[in-house]
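Engineer: Here's the letter readout for the chains.
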Amino acid sequence: MLAPISWLKDYVDINVSPSVLAKKLVAIGFEVEDIIYQEKQVSNVVVGKIVQVEKHPNADRLRVTQIDIGGKTLQVVTNVPVVGGEVVALSLDGARLANGLEIKTGELRGVKSEGMLCGLEELGLTVDSVEGQDEKDIIRFNDGTPLGENALVALGYNDVILDVSITANRPDCNGIFKLAKEVAVALGTECREPKINYKSVGGNVNDDVSVEVKNQALCPRYMAASVKNVKIFPSSQTIKSRLLAVGIRPINNIVDITNYVLTEIGQPMHAFDKRELGGNKIVVRNAKEDEIIVSLDGKENHLKEDMLVICDAEKPCAVAGIMGGLNSGIKDDTSEIVFESAKFARDSVRRTSRALNLRSDSSARFEKGIDFGSQELGLKRALTLIYETGSGDIQDGIIDVKVDYQKTREIEFTTRKIADILGCKVPKAKLVEILNKLGIEVKDNGKSLVAVIGEDRDDIVGVNDLAEEFIRVYGYGHVKPTLFEYSALTEGSKPSKIKFVDKVKNTMVACGLDEAVTYSFISAKFAEDLRLTDDDAARNAVKIMNPLGEALSVMRTSLTHSMLETLAYNKTHFVKQAKLFEVSKVYIPKSLPLEELPSEVETLSIGMYGEGIDFFFAKHAVEELMRALGKNAEYVRSTRPFLHPGRSAEVLLYGKSVGYVGEVHPDVQETYGIDNFRVYIAEINLDEVYDEAEFETRRKVQPFSKFPTVDRDLAVVVDDKYLAGDLLGAVKAAKIKYLTDMRVFDTYKSEQIGEGKKSVAMSFSFACLERTLTDEDVNAEMAKILSALKRKVGAKIR
Amino acid sequence: MKEKMDKIKNEALALIDSATNTAELNDVRVKYLGKSGEISALMRDMAGVPKEERPMVGKLVNEVRFAVEEALSKKTELLAQAEKVARLKAEEIDVTLPAIGNEMGTLHPLTIVKNELIDIFAGMGFSVVEGPEIESDLYNFQLLNVPKDHPARDMQDTFYINDNMVLRTQTSAVQARVMTTEKPPIRIVCPGKVYRSDDDASHSPIFNQFEGLAVDKHITMGDLKGCLETFAQKIFSKDTKVRLRPSYFPFTEPSVEVDVTCAMCHGKGCRICKGTGWVEILGAGIVNPVVLDMCGIDSKEYSGFAFGFGIDRIAMIKYGIPNIKMLYENDERFLKQFN
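Same order as they appear, the protein sequences are chains A and B. The first sequence maps to residues 3 to 800 in my numbering. The second sequence maps to residues 29 to 367 in my numbering.
By construction, these hints were calculated from the structure, which means they are not laboratory data. By construction, the Cβ of each residue, glycine as well, lies at the ideal position given by its N, Cα and C atoms. Fair warning: there could be bad hints in the mix.
Cross-link-like lysine to any residue pairs, in silico, SDA-like; alpha carbons within 25 Å at most [to be verified]:
no., chain 1, residue 1, chain 2, residue 2
1, A, LYS306, B, TYR188
2, B, LYS63, B, GLN109
3, A, LYS573, B, ILE352
4, A, LYS197, A, GLY441
5, A, LYS25, B, LYS35
Covered stretches of chain B (chain A as the covering partner; in silico rule of three or more C-beta atoms under 8 Å from a C-beta of chain A) [claimed, not checked]:
no., stretch
6, 115 to 124
7, 189 to 201
8, 240 to 253
9, 357 to 364
Isolated chain A (complex conformation) (with noise of 0.2 Å):
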């Protein structure tokens, strides 16, 4: 909320510096994000009085001024026709002005000129912001105004003005009178009353209009009050110019009254003219189903029929808290007004303006919640300033019509209970003196107190409240650290699965990959990038209803497009080598629409390129989260279509794919802006891969031999099609007693070896825990490894 410091001290004597007010605020709970001093708004633009005007040498409409700023005279050239003795605007070398023009020293048509002279618009006034300026022309001031003042001071344009934060828990502070009150609390002093002052002319506002309201839950209380004989025509400077301080533009003397209510006492207020209200009725109800209002702004409106809605005698003509109809507003020839001050319900104004998009300052007000006590306020200070400006002529008596309400509500407390909340000492006299500068009423009754809560706090519902209110204001200076004194002893934990996530992020990083975070909304144009199948169960993504872009619209069910996005970034920002990892959750409707929530899965990306890097690369980092996990997994030929088909496996458990690893499909790479250089990526549900109690068992050590180890190797041709998983499968299910090792370490091709044919080199381990192994029990085991790879996968030894 904007506060002009000019327009608070209508209310409060403000004896101290904006900042050191602001910190005040600051310190009771009111923020101030910014400190606005108009008179900064422009720099170096000066009061100067023009002391000679002569011919420009080489320029029919040009003049060359001689310009004193007090106690110096400066040289400037201007075409406008000014003569000596005129004070006026001048900027000077270095100024900006409003526009965005800097001003420098320079030379017009060969004589040097040091600055310029300045109408409004460059300082960014208008002739509302200011008296007695012509739009057109330059600034002139009155002979005597004191020569090289900053020429917004010298326009009166020099109020400062905060831009104080305002919390949902306090409406009631959406105004500059409520405002005071809390300034008031900060600096320690008094708040003034709003000034009620007005006389009615006799007639009677029941003879002028009628209110009914049809729906008091949304429309609590409707006061209405009648002015005639009303005259339109500007306000005064004072009103203009504060509420163009606080951002709205002034309009005419009835428009702007209401504004300045809406900005004074936080009351929304509304104008209508009488010549609109059919049958001189107000009627607040429901809107029909489908029922259409054009509104001030000019957009056609379809209601609903929960939407609020003002209407005369047949037609809505105004949607409720939120603007009038077009042709009920104020104009030139309007005679005759009806003002309306209401409490609308602030859930349904909030509603209503977000489903028919309509917004003002009135339902901007509305929304945040309007308390019982400032509808009257409102009226009689509107109805003041219609007086004190003589714009019509005001009719005895106010309609007003509301529920019943309680206008006061009682809080039992004791200081014991604050200071327990609070964990500090609460001296009872403190507290009462604190809740009495607040207007809460504190009543002793001997064993508790009672607090009297007034109808404009409607914030505060209990103790905790109260305690609120007290500390604030007391200082939280006063509450001294402590850790659980009289609470119970816990013990901190991480649960399983977090520690599981940790050691798989361990492991990465020991593999030498570096960790990245990426967004969980991706473009919902990733199933095409990926090329995948149009029944691909990945396609099924949670949608934004309001994402931020198309690119960030759909929460993901791999992180394969994060990670292929990722390496395109570090590829176009010169990264030679990038190996990198992911642990995030993925989101797994279980029906689309949704009806619950989506699964999260845990899931880990690898993703990597650059010099040195292969499959293999990436199986390692695969490999070895296995290993850290004590998973023997299989790796068997991928078909998924973003990939490498002749270079990418997936990752079985138990024979159930958990992921996948490989080279990136050419394709896929050009489709995100990373070919012509080799990319690997991987992919690892963790959730299927985690089984908590596994996780925390503790696997025990095995026992291992103390006798020599015997080593062979075998050489063995096979059909090409055989894989090198498939032979060690061979000879893993053959289950051979003494072997405690084997591995792959060469396969090649040749003429010799035949078409179609490759020889795979195999070593082996041997170990006996009770002896050691003799050249007949390894041969015997060779042996039935021979057999096992002639029957598995027609080996023949070469």
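Model the placement of chain B on the given structure of chain A, informed by the hints.
Structural biologist: Using the frame of chain A, we list chain B on its own:
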């Protein structure tokens, strides 16, 4: 005989002395001590020595033999030593060449800071709990005292999935889940991703929050202050001070903003803290009794405090990261700095 022996001895010793490698030395050994070597020949010549002189001559021959053997042995050792030195010298490498092998990777700064935070709070008895990122409106808002169409919803720009599901805007949603299922004493922290639909130079639509909740008998604002002071001093530095300012959150009452003394200037005032000496890092407060009751915890018996802050912000302060966006670009040249 004596002269002959002296001659052989002197010759042998001279040859040994002049040998420059083990091969030459071996030649000397063969020449004198081999089967047909000169000293062996002397032994054979004993046959021609008169019987009474034999012991004396035998002794002399043995003396020659011992002298040569000893010299050989010494020289052998000397040469072996020299040859080893020579070999080691020849094997010299440039030790400033780069190491080979896989260099370690790095954890993301958000992970490093999160782990540090978990350790700090575990030390104060807080356990880690996680919750869903796609969350029901009930836990994200309603149970936290933010009904539908409540103005407090404007405090956070929310991504909606549908009318009843949102991308959680705050890890506080986990609080509500825990309070509806657990009985006090509760002391938990909830780290995780949160989402707000604002995206500009200083905001990321995704960031990470760290939420804390303690519910038990006799929990006070003093406990909150003490807990946060301990946290701030551990994560920043021992001299860090904590300041509470009144604020508003729907689920806490009283609510506070918490400032800490600037980690850059230690409270003196600098560019980072805009000259104030203080940096705002988190929101907190006493759990609103309304929230306790809604979640099924009797607010007459129990009280609690809650706090929440951005892990991103802590990481940025700790590491001097100038822009939150850098945390999500994953430029290797950035990530590699966190080893």
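Engineer: Could you run down the list of hints and mark each one as holding or not?
Structural biologist: Evaluation of the provided hints:
1. A:LYS306 to B:TYR188: holds (23 Å)
2. B:LYS63 to B:GLN109: violated (28 Å)
3. A:LYS573 to B:ILE352: Answer holds: LYS573 of chain A to ILE352 of chain B is near 21 Å, not above 25 Å.
4. A:LYS197 to A:GLY441: Measuring from Cα to Cα gives roughly 19 Å; hence the hint holds.
5. A:LYS25 to B:LYS35: violated (111 Å)
6. 115 to 124: Violated - the stretch 115 to 124 of chain B has 0 residues with a Cβ nearer than 8 Å to chain A, which falls short of three.
7. 189 to 201: As far as the stretch 189 to 201 of chain B goes, the hint holds, because 4 residues have Cβ atoms under 8 Å from chain A.
8. 240 to 253: Result for this restraint: holds, n = 10.
9. 357 to 364: holds (count 7)
Figure legend: structure checked against the earlier numbered hints; hints not met, in rising order: 2, 5, 6.
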